[in-house]
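Q: Now for the letters of each chain:
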Amino acid sequence: MIRVTKVTGVFDGYAPTPATYDEMFDGPFVRPAYTSIYTQMQHLREGEIASRSDFLARSYVDEGVTFDIGGVERPFPIDLVPRLISAKDWGQVEAGVAQRVRTLEAFLDDVYGAGAVFRDGVMPRSVVTSSPHFHRVVAGITPPNGVRVHVSGIDLIRDVTGQFRVLEDNARIPSGVSYVLTNRRVISSALPEVLSSHRIRPVERYPQKLLAALRAAAPAGITDPTVVVLTPGVYNSAYFEHALLARLMGCWLVEGRDLVCQSGRVMMRTTQGLRPVHVIYRRVDDDFLDPVYFRKDSLLGCAGLVNAVRAGNVTLANAIGNGVSDDKLVYTYLPDLVRYYLAEEPILPNVDTWRMEDPAHREEVLDRVDELVLKPVDGSGGKGIVIGPQADRGELDALRARILDDPRGWIAQPVVQLSTVPTLTDGNNAGPRHVDLRPFAVNDGGDVWVLPGGLTRVALGEGELIVNSSRGGGSKDTWVMSGSGFARGQEPPAEPIRVAPRVTRAESVVVQAQDQEQQQQQFGGMPC
Amino acid sequence: MLSRIAESLYWIGRYLERAEDTSRLLEVHQQLLIEDPIVDPEAQVDGLLAVMGLDVAPEVPRTFETVMRLLAHDPSSPVSIAASVDGAREAARRSRETVSTEMWESINTFYLAVREGNLAQLRPTQAFRMVRERVAIISGTADGTMSHDEGYHFLVLGRTIERADMTARMISSAAFSASSPYAWQTTLRACGAHHAYTRYYQGRDSDRSAAEFLLLDRLFPRSLVHALTEAEHALANLDVGERRAGFSGEASRAIGRARAELEYAPLDEILADLPAAMHRIEEACGAAGAAISRRYFEGAAAMQWHGGAW
Chain A
1 MIRVTKVTGV FDGYAPTPAT YDEMFDGPFV RPAYTSIYTQ MQHLREGEIA
51 SRSDFLARSY VDEGVTFDIG GVERPFPIDL VPRLISAKDW GQVEAGVAQR
101 VRTLEAFLDD VYGAGAVFRD GVMPRSVVTS SPHFHRVVAG ITPPNGVRVH
151 VSGIDLIRDV TGQFRVLEDN ARIPSGVSYV LTNRRVISSA LPEVLSSHRI
201 RPVERYPQKL LAALRAAAPA GITDPTVVVL TPGVYNSAYF EHALLARLMG
251 CWLVEGRDLV CQSGRVMMRT TQGLRPVHVI YRRVDDDFLD PVYFRKDSLL
301 GCAGLVNAVR AGNVTLANAI GNGVSDDKLV YTYLPDLVRY YLAEEPILPN
351 VDTWRMEDPA HREEVLDRVD ELVLKPVDGS GGKGIVIGPQ ADRGELDALR
401 ARILDDPRGW IAQPVVQLST VPTLTDGNNA GPRHVDLRPF AVNDGGDVWV
451 LPGGLTRVAL GEGELIVNSS RGGGSKDTWV MSGSGFARGQ EPPAEPIRVA
501 PRVTRAESVV VQAQDQEQQQ QQFGGMPC
Chain B
1 MLSRIAESLY WIGRYLERAE DTSRLLEVHQ QLLIEDPIVD PEAQVDGLLA
51 VMGLDVAPEV PRTFETVMRL LAHDPSSPVS IAASVDGARE AARRSRETVS
101 TEMWESINTF YLAVREGNLA QLRPTQAFRM VRERVAIISG TADGTMSHDE
151 GYHFLVLGRT IERADMTARM ISSAAFSASS PYAWQTTLRA CGAHHAYTRY
201 YQGRDSDRSA AEFLLLDRLF PRSLVHALTE AEHALANLDV GERRAGFSGE
251 ASRAIGRARA ELEYAPLDEI LADLPAAMHR IEEACGAAGA AISRRYFEGA
301 AAMQWHGGAW
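These protein sequences, in sequence, are chains A and B.
Heads up, the first sequence is in the working numbering, so the first residue is 1 and it goes up one at a time.
Heads up, the second sequence is in the working numbering, so the first residue is 1 and it goes up one at a time.
No lab work stands behind these hints, which were simulated from the structure alone.
There may be inaccurate statements among the hints.
Per label pair, the in silico range of CB-to-CB distance [stated by the list, open to error]:
#1 A/222 / B/145: 28 to 36 Å
#2 A/508 / B/192: 23 to 31 Å
#3 A/484 / B/122: 51 to 59 Å
#4 A/146 / B/101: 32 to 40 Å
Note that CB positions come from ideal geometry on N, CA and C, so glycine has one too.
Can you build the whole structure from these sequences, using the hints too?
A: Okay, here's the thing in structure tokens:
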């Protein structure tokens, strides 16, 4: 008698959330791009999903791929099911992100330079001057190759129709790219057969691209610049990333105390005395960079850094003062800025946004604050966000008071249903979870390069909308398909592969002395 | 290289060697307690704690459990193996872009095993073996996957200075328990030297020859003279530029002097007051450590801004 064992697959009983774009399922149907992932993962043997998922977690613990929350090192959560982006969708993202970065560059150059955007009435000057991240001290400083946003992360979401929209810009010190690199590596060990059946654009060129952009930004006259990565230290939540990037670029990872400024030059303390530094990829916030101009109590930066930058002897990447463009009030003007600076239509739309500063907007929002998402304009990492439908009456009243108190400090957006991707909810089953996407762009002065993929962050709780790692979010490996996305059949190589000549390997004579072994066995006296 | 990174590498070397040597010392101590009928357990524990530089309140019971807690698995005890592993891992985390990936991973997995309580859960003998093997894996990985550049020399320097210091401590522990007929044999075992020693002296063993082997053998890697010579080499490698006369650097001087004193003094003279001789070695290691940190590591302390704005 043949016993039939019931096969239970990881996607059984998967139900997409209503009124949300699910990237894998279109109602009951699997979207074409995901067919291979669906078939292969659905048919993994029982227990296989759980064991591969454990493997992912274990690898991150052993390798120390961690993210610190409140000073505690935790392995960065990664989900086994990859997220796919078709070549066509990616084309739009890539062009849109590059356009966005070029706009931010032009805007920052204008803000800290001529100020034409204010004279031409596109944006009131007060929007910029009232931003806490506007630093008058760097006005008039032009970076060596004109680049201020060497690295950026533009956060995107997909709305109900699947259209990518920009949620926010990060032109200060966007983090997360290290997880893009490590995710791809562990997923290729965990799902080798699935990965190899797809044609996916590689991500490992990122460190070289970044290094090239940093070298290109060196002060004039320096042919072989010394590039360093400046970290706040091992207790920073992104320390793992700082160390990984420094290692992959072959740069020194310095802390503020390793640097010293003398007569407008920056040096680092080495075992052989002071050595000059030319480009600093800094991962320390503006406020802590230089106690001369910013926070006096900062131990993370180096006194004199701003003067060295102004003297043109050192380049900071990213430049000081970029925070202006991350301001969520400036964000609301971004589509206008794209048209103003580039004379192009925005490729990626914004999410609809109300400015609380505007009395008409404010009145409308205060009436229906329980339906909207309210965000502080200078927040990052999901801090301070209030989601109306999830807040209770007390929270909403407090929120209204805070908005009236500081209207410049808030914007409102409709509750955007972020798209969902199947994510393992327990050992063996997947459920829909909300995701966003942070593509990373590197600007070397000539060209804006967008890393194919970027970091997909996923809110691990059911129905949760906040995906930030600091709020318990996880991540997914993000696959950007190349062409159709599926591996082709065997094609003959263009040139025949040459075979190396065979060389006999040396062997020890000891192991070959079989006669001797026999004699030893036979004539060594009586067995006991 | 960066002073701060050099310091981290130096301490990785020291802490790992300390963890290994402590486990060796503990293993021998355990054997002595079990096998030696005439040894006074309490005095033995006192001697061991003193050798490791621990001051323990009189009301703490002098038992093997206390020793295991203080020297092996209590991370809050500064000389425990757990604390050494913590220290090594912390130093590796600070120099993570410099130590090779594989080396970082082997240090990290060792740290995770200790943090999960493996030292306390395993049988003591297994725990000691695990520590020895893990340290061997890490050293082997470092030798095989790190460039033998300045950073590597700092790692080796830390390792050899710690080894000299710990061997001196083990020898003085043997000298203190010289009443036991097994004292020198067990010390040889603690240093992993018993096999090499037997092969070389072939049964002509005596306390004197055992002491000679541990102090003066030029070929055995854990002998004092060998460890000090290696430390001298590492220091010479770190020194840039050619030299015609003498040695620059207080560290080379302290180490070289200690080694010369051992090698050129008549053995009987050293043996006459062995604890004092070992104390001098420990002091030389301490002085060398301080000199290294003055010359290569200093100045990396955090600075504070006291001026006003311009």
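Q: If a hint holds in the structure, say so; if it does not, say that too.
A: Structure-based check of each hint:
The hinted range of 28 to 36 Å is satisfied by residue 222 of chain A and residue 145 of chain B, whose Cβ atoms lie roughly 32 Å apart. Checking the proposed 23 to 31 Å range against residue 508 of chain A and residue 192 of chain B shows it holds: the Cβ atoms sit about 27 Å from each other. Separation of residue 484 of chain A from residue 122 of chain B is about 54 Å and conforms to the stated range, judged on CB atoms against 51 to 59 Å. Checking the proposed 32 to 40 Å range against residue 146 of chain A and residue 101 of chain B shows it holds: the Cβ atoms sit about 36 Å from each other.
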